[in-house]
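Read top to bottom, the protein sequences are chains A and B. Note that my numbering has the first sequence beginning at 10, numbered continuously upward. Note that my numbering has the second sequence beginning at 34, numbered continuously upward.
Hints in this document: simulated from the structure, not taken from any laboratory. Any given hint could turn out to be false.
[To be verified] Only pairs whose alpha carbons sit at most 20 angstroms apart, straight line, appear in this in silico EDC-like list of lysine to aspartate or glutamate:
no., chain 1, residue 1, chain 2, residue 2
1, B, 253, A, 252
2, B, 230, A, 113
3, B, 281, A, 196
[As the list claims (entries may be wrong)] DEER-style ranges, computed between Cβ atoms:
no., chain 1, residue 1, chain 2, residue 2, range
4, B, 297, A, 366, 51 to 59 angstroms
5, A, 267, B, 69, 32 to 40 angstroms
6, A, 121, B, 282, 34 to 42 angstroms
7, A, 71, B, 248, 48 to 56 angstroms
8, A, 14, B, 116, 43 to 51 angstroms
9, B, 125, A, 162, 45 to 53 angstroms
10, B, 73, A, 241, 24 to 32 angstroms
11, A, 199, B, 116, 30 to 38 angstroms
12, A, 241, B, 93, 15 to 23 angstroms
13, A, 121, B, 60, 27 to 35 angstroms
The beta carbon of each residue, even a glycine, is placed where N, CA and C say it ideally should be.
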Amino acid sequence: MISLLAAYLIPWLIGSALTGFLFPVCTSASVLLLRSALALGVGFGMTSSVLFLWLLGVGEVTAGFFLLESMLGFLSLLALLFQKHRLPADPPSWSPPVSNRTMEKKFRVGFFLFLLSGSAIMVLVSLLSPHGDWDAWAIWNNRARFLFRSGPDWKASFSPLLNWSHPDYPLLLPLSIARIWFYLGRESLWVPAVTAMLFSVSVTVLLVSSLSLLRNKTQGYWGGIILLITPSFLTHGVSQFADLPLAFFFLAVLVVLHCSENLQSCRSRLLILSGLLAGFSAWTKNEGLLFVVVFLLIRSLTLFSRTKGKESWKSMIFTLAGLLPVLALVFAFKFYLAPPNDLLSLLRTDRVLTHLTDPGRYFLVLKYFFT
Amino acid sequence: MESFALPKLNGKPSAAFFSRSDRLILTKPDSALRAYGLWMVPVTGRYRLHLECDDFGNLFLDGKERIRLRGVNARNTGIAEVDLRAGYHLLVLFLFNGPGQGWLTLYADHGKGDHPLLGGEALTPMDLSQINTWLRVVEGLKTVGWGGMLLGSAILILLAFIHAGASSASESLPNEPSLSSPMTSEGTKKPRGIIKKITLSFWVVLMVLGFLFHYNLFQKLVLSFPTQSFPWPTHPLTVFEHRLQEIKPYLPPRGTVGFISDQKDPAILFHIQYALSPLLVSVNTEPVLVIGLFHDPAVFRQSPLLNRFTILRDFQNGLFLLQRRIQ
């Protein structure tokens, strides 16, 4: 029980300390909730990266790994206590806009009722599919099993014989699951299910808290209610796919960017955090790499069109400061371990161009989108 | 019955016909079949429906899905117990076939043992001569209905946010730092009463629909719970995990083993790989040790394939441990 607690607590502590440092605002419950939601994703991102680097350097998980993580957890706890007791001279204040109290109370009750029933539904879905849906066991949990069971031969997880399981997919989720199994000393079907549920709840909390801060609490609860009554969110959210963690990082990047526009005093730190979260999306799934490209492109366009000169470059540098370390990890994995992507390796430039310029294909997509 | 050239039920069927057979058969690989019938239930009571199929099958009774089979075995089995009133009930069966031949049988039991429902007198075929027309009308109405609902919802959501933004502007204190856009902090026109009422009604309707959806989903999930103990012995992954427990002690902990089977479904290889990891399983039979999995072991023992292998162990359930003969 203690090892399971440590397995989940350490990422949360590391994530909280890092988020607390990069998002140094704590003047309302909404901000604290937002930071807590971000802490989970940042924590899993950091600990999966640490495990990957450990495996690359040492070759297998030994007692030293647990010692290292315990030290990181302890240092994070100290950092959190230090942050709490050391007040900056001019703390940035952020009070969410006030909404109609009566409406807010009603929607709060509605939101918590939906959260309760939604959580019960997620538990039932997880119980019915303990191994998750197809991609969960074929790709993510399969990789986690290889990483956990292989010992020093963990690189066999990326054998071309496993092409059908996409061994080129990044490792945030499999490493996070394998990491908790290492703490437990055995495999457990509950770990991937609980991890999926934690990400689902974090996405909900992230949405509610960010809307509460950026609009008002009533709208925050509205957003949470709409998310919780979306059919695919409840059933797919606990399918143990990497799509929910990916969605978490996408949303987190947009939220933190929006916050950085409104909190000038800690803008640089928030930009670093946005870069870090974008990097973790690339560490979660290949689609995250595309997101990073689009994110950098749009960010550059908006920055250099609105402000000129030093300010724009400074903003980009802070964003890249958070992004590049994680991206380096992703590229190290792609170039030294992962085989070529089975889907992309079949593509040829002429074939891609033919498909891109065929209007019939766009019509087919639109037709199925609306029917 | 309607059969389809692909393992999907979209578009026009490739054939439509009546069937009086006690089993539905698809001889063509990668095809699908949809069958309708009216079941005349003689007596009100509880009925036990037993569906068997290869590969995937669904059973709908009176519009509700009662059995859904997606297993990887050559014979997938599902059971559902339903309370039925005497009279006609609409039965719809789907069969999806992968490689090879597909089939489906259905039995009903009302306390007197299983008896085949298909081909029996209790089942009346439906006249499908106009079914395509009716289905097209329903699909058309669905599209219009969904399109109208989406458009209406988008308009109401927009109105709701305008109303909420204006409410927060009218409620916020003058010295309160606000992160809403400068437009709202300068104040907007108060929304008219009717817009406020529409948006409030929309949210009430949405919450009610949301609760209904949660209740419906919760009920469906509770009813789908298997009667066995967790982690569900009939789950395909659990089936393979148990089945391969016997062979695991004879396999090396790491490395590569080959795999041969008379079952063409690639999912079987994936399930075996998942169960045996970190051992790599290859359909290439070059490795010395090879796992054999056969639906009909007798056929394998008589096939020329056996000339290439020595049987090291027969686990009596179609599972073999083989050694490649080095030539």
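Status of the hints after comparison with the structure:
Using a Cα cut-off of 20 angstroms, the hinted pair residue 253(B) and residue 252(A) is violated, with the two alpha carbons roughly 24 angstroms apart. The suggested pairing of residue 230(B) with residue 113(A) holds, with an alpha-carbon distance near 17 angstroms, which does not exceed 20 angstroms. For the proposed pair residue 281(B) and residue 196(A), the alpha carbon gap of about 17 angstroms is at most 20 angstroms, so the pair holds. Between residue 297(B) and residue 366(A) the beta carbons are some 37 angstroms apart, a value that contradicts the proposed interval 51 to 59 angstroms.
For residue 267(A) and residue 69(B), the Cβ-Cβ distance of about 53 angstroms falls outside the hinted range of 32 to 40 angstroms, so the restraint is violated. As the Cβ distance of residue 121(A) to residue 282(B) is approximately 52 angstroms, the hint placing it in 34 to 42 angstroms is violated. Range check, residue 71(A) to residue 248(B): Cβ separation about 50 angstroms, and the 48 to 56 angstroms hint holds. One distance hint, 43 to 51 angstroms for the beta-carbon pair residue 14(A) and residue 116(B), holds here, with the actual separation near 46 angstroms.
One distance hint, 45 to 53 angstroms for the beta-carbon pair residue 125(B) and residue 162(A), holds here, with the actual separation near 50 angstroms. Between residue 73(B) and residue 241(A) the Cβ separation comes to about 39 angstroms, which falls outside the hinted range of 24 to 32 angstroms. For residue 199(A) paired with residue 116(B), a C-beta distance near 35 angstroms keeps the hint of 30 to 38 angstroms intact. Distance hint check: the CB atoms of residue 241(A) and residue 93(B) are about 22 angstroms apart, consistent with the given range 15 to 23 angstroms.
At roughly 56 angstroms, the beta-carbon separation of residue 121(A) and residue 60(B) lies outside the given 27 to 35 angstroms, and the hint is violated.
In summary, the structure is inconsistent with hints 1, 4, 5, 6, 10 and 13 from the numbered list given earlier, while agreeing with the others.
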